[in-house]
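Undergrad: Take a look at the letters that make up each chain.
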Amino acid sequence: MGFRNLGLLGSFAKEGLEKAFSLGKFFCFLHVTDTYLVTFVVTSGPSMLPTIDLIPTMFLGERISTRFGKVTRGDIVIIRSPQNPRKLIAKRLAGMEDDTVTYISNPDEPDKQETIVVPKGHVWIQGDNAYKSNDSRNFGAVPYGLIQHRLFWRVWPIKGFGPFWKH
Amino acid sequence: MKLVSYMSQWRGIAKEAMDRTAIAVKFLCCLHITDTYFCSPTHVYGPSMLPTLNMVGDIVLVEHVSQRLGKVRHGDLVVIRSPLDPKRCLTKRIMGMEGDTVTYFDPMLGDATRVAVMPKGHVWIQGDNIFASHDSRHFGPVPYGLIQGKVFFRVWPLDCLGVPGQ
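Residue numbers (my numbering), protein chains in the order written: chain E, 1 to 167; chain W, 1 to 166.
Just chain E, with the same shape it has in the complex:
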């Protein structure tokens, strides 16, 4: 009797392990696609108004252009915050390395402009909503290595579904 139960348990365990392996393989494949190709990104917050809405919006972000250095100014990217490494922020690339960027550091004083040259290996990011955006005007140019994804397609809300480049 005891041996039969053990045999049953053994076959359950084997089946469980096989299912776990298939699940594991599926997640590995999903992860590789996520890391190297395309992933879903959800953004929220007012710093990219009017391009991106306040409410949580879902996009598709790709990593191929970021890996090959093909992102240019005007692209909207997801970048790891230089102030808090656990936070990802969505901003527009306003300047690439060796560009001269002229910006208004305080939108309440539009006449006071500052000019800066973006150092090598760095980019200048800016939110479209100049009044409510914590970006390179506050923390300076950020290293290119912090860029994670480039947004290229809006998924949700449905009425905004469609390509999301050249905005």
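Simulated from the structure, these hints should not be mistaken for lab results. In this text, a Cβ means the ideal position worked out from N, Cα and C, and glycines have one as well. Watch out, some of these pointers could steer you wrong.
[Unchecked claim] Only some residues are given here: those of chain E computed to face chain W with a beta carbon under 10 Å:
(1) Ser11
(2) Phe12
(3) Phe27
(4) Thr66
(5) Asn84
(6) Lys120
(7) His122
(8) Gly145
(9) Phe161
(10) Pro163
Please build the complex by placing chain W on the supplied structure of chain E, with the hints as guidance.
TA: Just chain W now, kept in the frame of chain E:
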């Protein structure tokens, strides 16, 4: 008739090829996950970390768990993406975390020691060989988000097997 028999032969071969490819792909996926999230071997070379690491090249094991959990500390040897060239990774030691005041000395700029305060979310990296290292003394504090992993074991050359020394 011959065409049909050829097609059935090819179908058998194609199916076998697909199965073998699927196994290879699954294996590579698992390897990649281990590499990215747990531990990966890296070849490091250059004079900037003498005498801790050799100039001609060492193979070290880098773990990617601590930097995700925020457990990287002062004095750790880390692999970090270069802020000047995003395609290159550097191996340096962390000499200051955010909020710290770092006192450093650059032999190329004379005998004066300088002081720097780390901004939020940034770390100060320095090579052990201060005479031949291009590090935070030249390009300033780097964001913590650029850290790729922590070096914890050396596997090659075999006579230096073990934890790289202090």
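Undergrad: Against this structure, judge whether each hint is valid.
TA: Hints and how they fare:
Violation of the interface hint for Ser11 of chain E is found here, the shortest Cβ-Cβ separation to chain W being roughly 24 Å, above the 10 Å cut-off. Look at Phe12 of chain E: its Cβ only gets to about 24 Å from chain W, farther than 10 Å, so that hint breaks. The criterion of a C-beta within 10 Å of any C-beta in chain W is met by Phe27 of chain E, whose closest approach is roughly 8 Å, and the hint holds. For Thr66 of chain E, the shortest C-beta to C-beta distance to chain W is roughly 9 Å, which falls under 10 Å, so the interface hint holds.
Annotation: Asn84 of chain E was flagged as interfacial toward chain W, and the flag holds, the nearest CB pair being 5 Å apart, inside 10 Å. Interface hint status for Lys120 of chain E: upheld, as the beta-carbon distance to the closest one in chain W is roughly 5 Å, under 10 Å. Look at His122 of chain E: its Cβ gets to within about 7 Å of chain W, closer than 10 Å, so that hint holds up. Checking Gly145 of chain E against chain W: minimum C-beta separation of about 4 Å stays under 10 Å; hint holds.
Restraint check, Phe161 of chain E versus chain W: the minimum CB separation of about 30 Å is more than 10 Å; hint violated. For Pro163 of chain E, the interface hint is violated, since its Cβ never comes within 10 Å of a Cβ in chain W; the closest pair sits about 26 Å apart.
This entry does not satisfy hints 1, 2, 9, 10, going by the numbered hints stated previously.
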